[in-house]
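Dock chains P and C against the given chain V, drawing on the hints supplied.
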Amino acid sequence: MSDPILSLNNVHTDIAQYHILQGVDLEVPKGQVTMLLGRNGVGKTTTLKTIMGQWTCKSGEISFDGQDMTQMAVSARARAGIGFVPEDMGIFADLTVEENMVLGATSGPMDPKRKEWLLNAFPALGTFWTSEAGNLSGGQKQMLSIARAMAEDRTLYLIDEPTKGLAPAIVSTMAQALRELKAQGASILLVEQNFSVAKALGDTAAVMDEGRVIWTGAMADLATDKDLQERLMGLSMEAH
Amino acid sequence: MTAAPDHRPTFARLSLTERLDASLPLLLVPILVVLGFFAIGAPSSWLTLTVSGLAMGMMIFIMASGLTLVFGLMDVINFGHGAFISVGAFVGVSVLIALGDWTGAASLVLNMSAIFLAVVAAMAVTGALGWGFERVIVKPVYGAHLKQILVTVGGLIVIEQLIHVVWGPDEIFINRPEMLKGAVTFAGAALERYRLLAVAVGLVLFLAMRIVLRRTKIGLIVRAGVENGPMVEALGYRLRVVFVGVFIAGSALAGLGGVMWGLYQEVITANMGERMMVLVFIVAIIGGLGSVEGAFIGALLVGLLQNYVAFLEPKLALVSNIALMTAILMWRPQGMLPVVKAK
Amino acid sequence: MIVKLLSGDKPRSRVLTALLLVILICLAGAPFIFDGVRPLDTAARICIFILLVASYDLLLGYSGIVSFAHTMFFGLGAYGVALASIHMGRGFDALLVGSVAGALAAVILALLIGLFSLRVRAIFFAMITLAVASAVAVLVSQFSGLTGGEDGLTYKIPRVLTSANRLGEIMGTKISGKILNYYLIFFVSLILFLLLLRIVNSPFGRVLQAIRENDFRAEAIGYRVVWYRTMATCLSAATAALAGSLFAIWLRYVGPDTTLSFEIMLDILLMVVIGGMGTIYGAVIGATLFILAQTYLQNLMGTAAEATSGLPLIPELLDADRWLMWLGILFILSVYFFPTGIVGRLREQHRA
Numbered sequence: 001m002s003d004p005i006l007s008l009n010n011v012h013t014d015i016a017q018y019h020i021l022q023g024v025d026l027e028v029p030k031g032q033v034t035m036l037l038g039r040n041g042v043g044k045t046t047t048l049k050t051i052m053g054q055w056t057c058k059s060g061e062i063s064f065d066g067q068d069m070t071q072m073a074v075s076a077r078a079r080a081g082i083g084f085v086p087e088d089m090g091i092f093a094d095l096t097v098e099e100n101m102v103l104g105a106t107s108g109p110m111d112p113k114r115k116e117w118l119l120n121a122f123p124a125l126g127t128f129w130t131s132e133a134g135n136l137s138g139g140q141k142q143m144l145s146i147a148r149a150m151a152e153d154r155t156l157y158l159i160d161e162p163t164k165g166l167a168p169a170i171v172s173t174m175a176q177a178l179r180e181l182k183a184q185g186a187s188i189l190l191v192e193q194n195f196s197v198a199k200a201l202g203d204t205a206a207v208m209d210e211g212r213v214i215w216t217g218a219m220a221d222l223a224t225d226k227d228l229q230e231r232l233m234g235l236s237m238e239a240h
Numbered sequence: 001m002t003a004a005p006d007h008r009p010t011f012a013r014l015s016l017t018e019r020l021d022a023s024l025p026l027l028l029v030p031i032l033v034v035l036g037f038f039a040i041g042a043p044s045s046w047l048t049l050t051v052s053g054l055a056m057g058m059m060i061f062i063m064a065s066g067l068t069l070v071f072g073l074m075d076v077i078n079f080g081h082g083a084f085i086s087v088g089a090f091v092g093v094s095v096l097i098a099l100g101d102w103t104g105a106a107s108l109v110l111n112m113s114a115i116f117l118a119v120v121a122a123m124a125v126t127g128a129l130g131w132g133f134e135r136v137i138v139k140p141v142y143g144a145h146l147k148q149i150l151v152t153v154g155g156l157i158v159i160e161q162l163i164h165v166v167w168g169p170d171e172i173f174i175n176r177p178e179m180l181k182g183a184v185t186f187a188g189a190a191l192e193r194y195r196l197l198a199v200a201v202g203l204v205l206f207l208a209m210r211i212v213l214r215r216t217k218i219g220l221i222v223r224a225g226v227e228n229g230p231m232v233e234a235l236g237y238r239l240r241v242v243f244v245g246v247f248i249a250g251s252a253l254a255g256l257g258g259v260m261w262g263l264y265q266e267v268i269t270a271n272m273g274e275r276m277m278v279l280v281f282i283v284a285i286i287g288g289l290g291s292v293e294g295a296f297i298g299a300l301l302v303g304l305l306q307n308y309v310a311f312l313e314p315k316l317a318l319v320s321n322i323a324l325m326t327a328i329l330m331w332r333p334q335g336m337l338p339v340v341k342a343k
Numbered sequence: 001m002i003v004k005l006l007s008g009d010k011p012r013s014r015v016l017t018a019l020l021l022v023i024l025i026c027l028a029g030a031p032f033i034f035d036g037v038r039p040l041d042t043a044a045r046i047c048i049f050i051l052l053v054a055s056y057d058l059l060l061g062y063s064g065i066v067s068f069a070h071t072m073f074f075g076l077g078a079y080g081v082a083l084a085s086i087h088m089g090r091g092f093d094a095l096l097v098g099s100v101a102g103a104l105a106a107v108i109l110a111l112l113i114g115l116f117s118l119r120v121r122a123i124f125f126a127m128i129t130l131a132v133a134s135a136v137a138v139l140v141s142q143f144s145g146l147t148g149g150e151d152g153l154t155y156k157i158p159r160v161l162t163s164a165n166r167l168g169e170i171m172g173t174k175i176s177g178k179i180l181n182y183y184l185i186f187f188v189s190l191i192l193f194l195l196l197l198r199i200v201n202s203p204f205g206r207v208l209q210a211i212r213e214n215d216f217r218a219e220a221i222g223y224r225v226v227w228y229r230t231m232a233t234c235l236s237a238a239t240a241a242l243a244g245s246l247f248a249i250w251l252r253y254v255g256p257d258t259t260l261s262f263e264i265m266l267d268i269l270l271m272v273v274i275g276g277m278g279t280i281y282g283a284v285i286g287a288t289l290f291i292l293a294q295t296y297l298q299n300l301m302g303t304a305a306e307a308t309s310g311l312p313l314i315p316e317l318l319d320a321d322r323w324l325m326w327l328g329i330l331f332i333l334s335v336y337f338f339p340t341g342i343v344g345r346l347r348e349q350h351r352a
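Chains as they are written, first to last, in this note's numbering: chain V, 1 to 240; chain P, 1 to 343; chain C, 1 to 352.
Just chain V, same shape as in the assembly (with noise of 0.2 Å):
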């Protein structure tokens, strides 16, 4: 395994009085793709979010690329290299697709060639580039909240629940998409419901239950063994 370019130690982190994430520990190996699997209402949304600072986690570290970024804002976690696509995909729905793109890459213009990769990748937001991105279908921003996040080239990708309630065909685009992304050396951390995606996609995984992670381990391991899924899930995910 190679070195990880994320890493959570012990994280707690408690909505209003609810005590979420109890002692959350994981690991993103570098250029890989890890799964976030486990069952609704465990706490990898929170889990995420706590990554990107949106809730503070009371203790606990998180360190990216060498450094503690357990106190920083979440601004500056951004522009040190990750990427958001959160849940609800964030699209300012007053703005066009354009301006959504221009908006993602934070650093100044979008790299032309950049670009027209995410163009050839999803072709719908070129077709409508100029529209007001609140008047696009569910899964056109879907792509462009991940297009977004991808931007401009950043280290690691949150990406939270990319597939939820999408046709096939946007799926296999999206996913096309992400093996790309990772071809280019990134490394992502994928929330998935979708169990074939994740199989597909996934290097590692690393299973949440009530608040902490309970197994990580190589994501082909975890396809193949039903009985481990059954346990850790409470459900063979081939049902899926």
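I should point out that these hints are in silico values taken from the structure, not numbers from a laboratory. Take the hints with a grain of salt, since some may be wrong.
Think about it this way: if two alpha-carbon atoms lie no more than 16 Å apart in a straight line, the pair counts; the simulated EDC-like pairs of lysine to aspartate or glutamate are [unchecked claim]:
no., chain 1, residue 1, chain 2, residue 2
1, V, K141, V, D94
2, V, K164, V, D88
3, P, K217, V, E98
4, V, K182, V, D153
5, V, K115, V, E180
6, P, K147, C, E213
7, V, K115, V, D88
8, P, K315, C, E150
9, P, K139, P, D75
10, V, K58, V, D25
11, C, K178, C, D41
12, P, K217, V, D94
To give an idea of the chain P side of the interface with chain V (calculated C-beta under 10 Å), a few residues [claimed, not checked]:
no., residue
13, A189
14, K217
15, L220
16, I221
17, R223
18, A224
19, V226
20, M231
21, Y237
22, R240
23, V339
Negatives, chain V to chain P, calculated, CB over 10 Å [stated by the list, open to error]:
no., residue
24, Q54
25, T70
26, D203
27, E210
If you're wondering where the values come from, they're calculated on a predicted model, not measured in any experiment. The beta-carbon is built from N, C-alpha and C at its ideal position, and this holds for glycine as well.
Showing chains P and C alone in chain V's frame:
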């Protein structure tokens, strides 16, 4: 892997009523102007009133734009905004009085230079004051509306009193520069020069603001921040810094509005800003809090309606604005062009 | 008995209890303790403003709603009494009709504003009340035929309540109708104050506080937040109107500056915050301190300004007319550092 099948859903065609509903706010101003024409009857009076209504609307817009953006970006409601209007007026008028030779001369160049310097001074002082106000008064109470209202009202009281300390307890009368006195006659209607200037300044500012908001990256950040601040931060922008910038710009614009309003009324008092806040709030509410375009339309509506009603039934002028606000809120409870907030 | 009168809401601080007792005794015995017209006038104002500020506290402190229309309701009560006294002739019936009409008008207006703006967004309420209140103030000064405009109205109240009614002498103090008038104001204020105390300590008051703390949760539990907030607004408006009626009975004059102006609204805000939001007792402390300051601090500052007249800027800052600035600064500091005001501070000390 094969390429995904081409996925191109089309936009659902909007029905006529939906499209009308979306563009109706934009049509309200011309509708009101036409209604005013029939209610007033005499074309020359109508033209005079329309120009003064537009002038008034532009000035209110200048004062309201900062307030509405500040609210949209950080959910901060600043009841002390009126203090910047008053301070701007006092600084600007002091400069104009000091440059009495320039304003008294029958030279447009000298007159406009004096106004320009007055405006620059007023905006510099109110911008700086806004920066201090944000640090000292507003920053400690982010996210707490009740405290925000109380503390900013406290700030308003203190700044008004400080105006008295610096400029004394009395109102100050000011003459408009020589070349801006009087009126030009157009199609039988007397159009005051100063009001024409106010309309021009307001239009230029509105267009400039639109260009900044639509064509520059900082404008994109502001618009995106109004809609979904946390996402803007997650993309790596320091929203707080942007917010402070907008607060300063908004305060400076309030100062500009104060100078313009002072010259319009030809008298300034320490509590003029406090009085203007009523109209500023009405404009921000009916426009939709956070929306600059909404504030622009709202300001023009308020200015026009107030002038038309003042001509038709003078006693009802201010009440007409309350009626307008009531009507618009019944129609759209969040204002004419509500800002879509994420969640 | 006393605890029951206070609805079980004890001052919970020895110093506060002592202060409240001193204020109560001074107000109750004002005609006998102090000499002259001015102290009696000050005492009457204190009674009325305690009631007015307490009714505002129901809104601001207990419901977390900021209103700028409180003086408008106050004014409605005052103008109610004035107009009734003018059109019905002097008499207690006119006072009663005027007060009831004023309070009713206040409730109706509060209901309209409340249903209209609280439904959308609580923050609209602050802005809309500001707009409506200023419009009413303008209307009152413009329709001078009815309201006397900027000059206001003077009228006669029942002879029994005027100084022309001489009743003899008790303990060296001449008892006149003026003193009866004072006691009318004192007792009505006291009763209404105790009633407010009862309201905030009732289940209704507790729901208001729950809404103030977290309106989403209150709504989720099943309380109709808008209804409760609107009710609080109406109750508060009615009490303010009654305070206005008392003021009109005392002054025998109403005018926009004394009842409707934004300045009085700011005074109320200062009193409630400095005294202590959400405590009701804060109204007593805040109003008493403020009115004493208004009446006597200005003299003190004038002396200080004279004493420093040789220095630059300081005399201007200490000018008697600048007292509002110092209160404004005190106000801001209170909101930051002791949001529960003097009463909250005293209670904390007691606990510690």
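Handout entry: Those earlier numbered hints the structure runs against, lowest number first
Key = 7, 13 and 24
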